[in-house]
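Novice: Per the numbering used here, the sequence shown runs over residues 126 to 483.
Take these hints with a grain of salt, some might be off.
Derived EDC-like pairs (lysine to aspartate or glutamate); straight-line CA-CA distance at most 20 Å [unchecked claim]:
no.	residue 1	residue 2
1	Lys252	Glu304
2	Lys366	Glu273
3	Lys252	Glu273
4	Lys320	Asp348
5	Lys421	Glu304
6	Lys374	Asp338
Pair ranges (Cβ atoms, derived) [stated by the list, open to error]:
no.	residue 1	residue 2	range
7	Lys371	Arg201	33 to 43 Å
8	Ile139	Lys421	44 to 54 Å
9	Tyr199	Gln432	17 to 27 Å
10	Asp334	Tyr396	16 to 26 Å
Simulated from the structure, these hints should not be mistaken for lab results.
No residue lacks a Cβ here, since even glycine has one placed at the ideal position from N, Cα and C.
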Amino acid sequence: KILTKRYGRVYVNIGEPMIMKDYLEAQEKPIEQMTLEERQSLYRKIGYEIVLEINKVAVVTPFSLVATVILSHYRRGMSHSELLEILDEFFEYLSMKKVKFAETFTNREKAINDAINIFVQEGFISKIEAEEDEAEEIQEVVYSLKEEKRINLEYYKNNILHFFIPLCFVATSIVKNNEDLISLQRIMSDYKFLKKLLWNEFIFDEHKDDAEDVNEVLTYLHDRKMITSVERDGQIYLEIKGKGNKKLKPFADLIHNYLESSWIVIRSCLYLKKNPLAKKDWLKKIMALGDRMYKKGEVLRPEAISQPNYLNVIIFLEDAKLITAIKDEKIDKKEVSYTLTENRAEMEVLRRRLFKLL
126 KILTKRYGRV
136 YVNIGEPMIM
146 KDYLEAQEKP
156 IEQMTLEERQ
166 SLYRKIGYEI
176 VLEINKVAVV
186 TPFSLVATVI
196 LSHYRRGMSH
206 SELLEILDEF
216 FEYLSMKKVK
226 FAETFTNREK
236 AINDAINIFV
246 QEGFISKIEA
256 EEDEAEEIQE
266 VVYSLKEEKR
276 INLEYYKNNI
286 LHFFIPLCFV
296 ATSIVKNNED
306 LISLQRIMSD
316 YKFLKKLLWN
326 EFIFDEHKDD
336 AEDVNEVLTY
346 LHDRKMITSV
356 ERDGQIYLEI
366 KGKGNKKLKP
376 FADLIHNYLE
386 SSWIVIRSCL
396 YLKKNPLAKK
406 DWLKKIMALG
416 DRMYKKGEVL
426 RPEAISQPNY
436 LNVIIFLEDA
446 KLITAIKDEK
456 IDKKEVSYTL
466 TENRAEMEVL
476 RRRLFKLL
């Protein structure tokens, strides 16, 4: 009781156990006969599957949900009614996904208010009460997020972000289309692009294909009356209905910081145009460029200024054969330099495509 009162609840869920002996026996060859590369690939696969299973049994708490809502908002502040409106949309989607909610959601209103009040007490957000002499139509409670505290809320958001990823990808495609009609083909193309771009950021269920994920999301959006489907010239198009764009924007904004991190790194590839750069030197330039872009307002999310994010984008660019690593074993076996490949046209295609989704 003392621990609960002082620190809150700790939720421990146990997923299906993985029997390592059975897992290894199911591989194509015994581990003793695998090459070093094959064993390393197996280790990555095991780690990937363990994290995927952990994600499946993760619990949504009031703190994680409120933090996710606050970070999804594109302005510095939001009214209490706006917070609840977005929270309702997030809650509905999570309910459809049949995720596990904390016991405190039994009294949802109290759980949410308690989480908000604790965030205020901890100084993560500030609360601006309505003035008594204000006109009734503009009386509202407003919450303002301190820029330097975003990283504190990011911790809570990251605990449940994986539940939203398929919808985040689809929402980004729809919201950035800027038209009331968008083809199903365009959504599928954007989904595949975002999945490839952010492959190193999230854990994807390899037992489900992209079409299955997209169709599940679109069915949900149709049931929520945000979209309807129409056929034109033999193609399926989706029409955005009513407040569909407004309701989808918070979902799209959940991954905006990752797209901004990608944009910073791709912009920084100009530093590799003339000569190769050592990895550590390039990272310094990337960090400096990110800071400069944020101060100029070209990057909106301070959490986009993240070295782990940058490193994942570098891995993506290397896998896509847009940059290549150079090792000079005479100097330092661990030191790596990067240079651009000859695929300059593909780099430009990537740059333009990402820019459209920002």
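Novice: Against each hint, give a clear statement of whether it holds in the structure.
Specialist: How the hints compare with the structure:
1. Lys252 x Glu304: violated, 36 Å
2. Lys366 x Glu273: violated, 37 Å
3. Lys252 x Glu273: The hint holds at about 16 Å.
4. Lys320 x Asp348: violated, 25 Å
5. Lys421 x Glu304: violated, 28 Å
6. Lys374 x Asp338: Given that 20 Å is the threshold and the Cα spacing comes to 19 Å, the pair holds.
7. Lys371 x Arg201: 33 to 43 Å: Taking Cβ atoms as reference, Lys371 and Arg201 lie about 18 Å apart, which means the hint is violated.
8. Ile139 x Lys421: 44 to 54 Å: With Cβ atoms ~48 Å apart, the hint holds.
9. Tyr199 x Gln432: 17 to 27 Å: Check passed, 24 Å falls within 17 to 27 Å.
10. Asp334 x Tyr396: 16 to 26 Å: violated, 38 Å
When held up to the earlier numbered hints, the structure conflicts with 1, 2, 4, 5, 7 and 10 and fits the remainder.
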